[in-house]
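Trainee: In case you want the letters, here they are:
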Amino acid sequence: GIQVEQSPPDLILQEGANSTLRCNFSDSVNNLQWFHQNPWGQLINLFYIPSGTKQNGRLSATTVATERYSLLYISSSQTTDSGVYFCAASIQGAQKLVFGQGTRLTINP
Amino acid sequence: DGGITQSPKYLFRKEGQNVTLSCEQNLNHDAMYWYRQDPGQGLRLIYYSQIVNDFQKGDIAEGYSVSREKKESFPLTVTSAQKNPTAFYLCASETRTGMDYGYTFGSGTRLTVV
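Those protein sequences? They're chains D and Z, same order as listed. Mind the numbering: the first sequence is residues 21 to 129 in the working numbering, read in order. Mind the numbering: the second sequence is residues 1065 to 1178 in the working numbering, read in order.
Quick list of in silico lysine-lysine cross-link-like pairs, PhoX-like style, CA-CA up to 25 Å:
hint, chain 1, residue 1, chain 2, residue 2
1, Z, Lys-1073, Z, Lys-1135
2, Z, Lys-1121, Z, Lys-1134
3, Z, Lys-1147, Z, Lys-1121
4, D, Lys-116, Z, Lys-1121
5, Z, Lys-1135, D, Lys-116
6, D, Lys-74, D, Lys-116
7, D, Lys-116, Z, Lys-1134
8, Z, Lys-1078, Z, Lys-1147
9, Z, Lys-1073, Z, Lys-1134
Coverage of chain Z stretches by chain D, computed from C-beta distances (three or more under 8 Å per stretch; other residues unrestricted):
hint, stretch
10, 1105 to 1112
11, 1169 to 1177
Now the stretches of chain D that chain Z is said to cover, found in silico as 3 or more residues with beta-carbon under 8 Å:
hint, stretch
12, 56 to 65
13, 104 to 117
14, 120 to 128
In case anyone wonders, no lab produced these hints; they're calculated from the structure. Note that CB positions come from ideal geometry on N, CA and C, so glycine has one too.
Chain D on its own, in the form it takes in the complex (with noise of 0.2 Å):
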C-alpha cells in the first residue's frame, strides 16, 4: 500500500513566525488531506489538495504530484496553531486514506 511520511516529528517556534511541513507519499494519489488535531483531540480538516495549490488565510498548501509531496505553509503563526497535523492519502482507487505518522507543532507566546 501507500506509504506516507511527514517531516519534521517537532516542531517549536515562537508566536509570529512563519513554518513549512513536508508529506512525502509513495504513490501516485488522487486524495491528499490536511488535518489539524488540536490538543484535545479534535481531527479538523484543513486542505483536500490532491495537486495544485490552495489558500485559506494563514495556511496554504501545496502538491506536486509528479514529485509526490505536498506542502503546508503556516504564517504569522499563533499560539491556536499548536497540535498535530496530519497528511493523509490514498491512490485511485482505493477507499480509505492512509495517515502519516503527524508533525508536532508548539508555538510560544
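Given chain D, put chain Z in place with the hints provided.
Mentor: Coordinates of chain Z only, in the frame set by chain D:
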C-alpha cells in the same frame, strides 16, 4: 448544526468485556469510517462503510465489529478478542459532492482497560 457525535467521551472497560462506541452523523454522508489512534501515532483504519448494510475491514479489524443499519449510525464494538484496546477512537464521515470533498471527524472516544 450538522456534524458527527461520538459517545461516550471516556470509556473504561474491564478485561473480557465487550463495549460499544457510538457514532451518529446528521450530514447525510454515505461513507463512514472508524480509526484508532495510539499515543504519538497516526490514525489507523479499523472498519469503513460506503453504504447502509455494507462495510469492509480496514487495516486493523481483528477484535472489532461494526454494523450499519442506518445511514446516520455506525457503532463500533470492541470485543474481548481485542488484546490491547486502550486507545483514542475517531469516527469520520466523508463527503464527495462535485468540487466539495473532505472528511468530518467526531470528537473521539478515549477507551481505557482497567
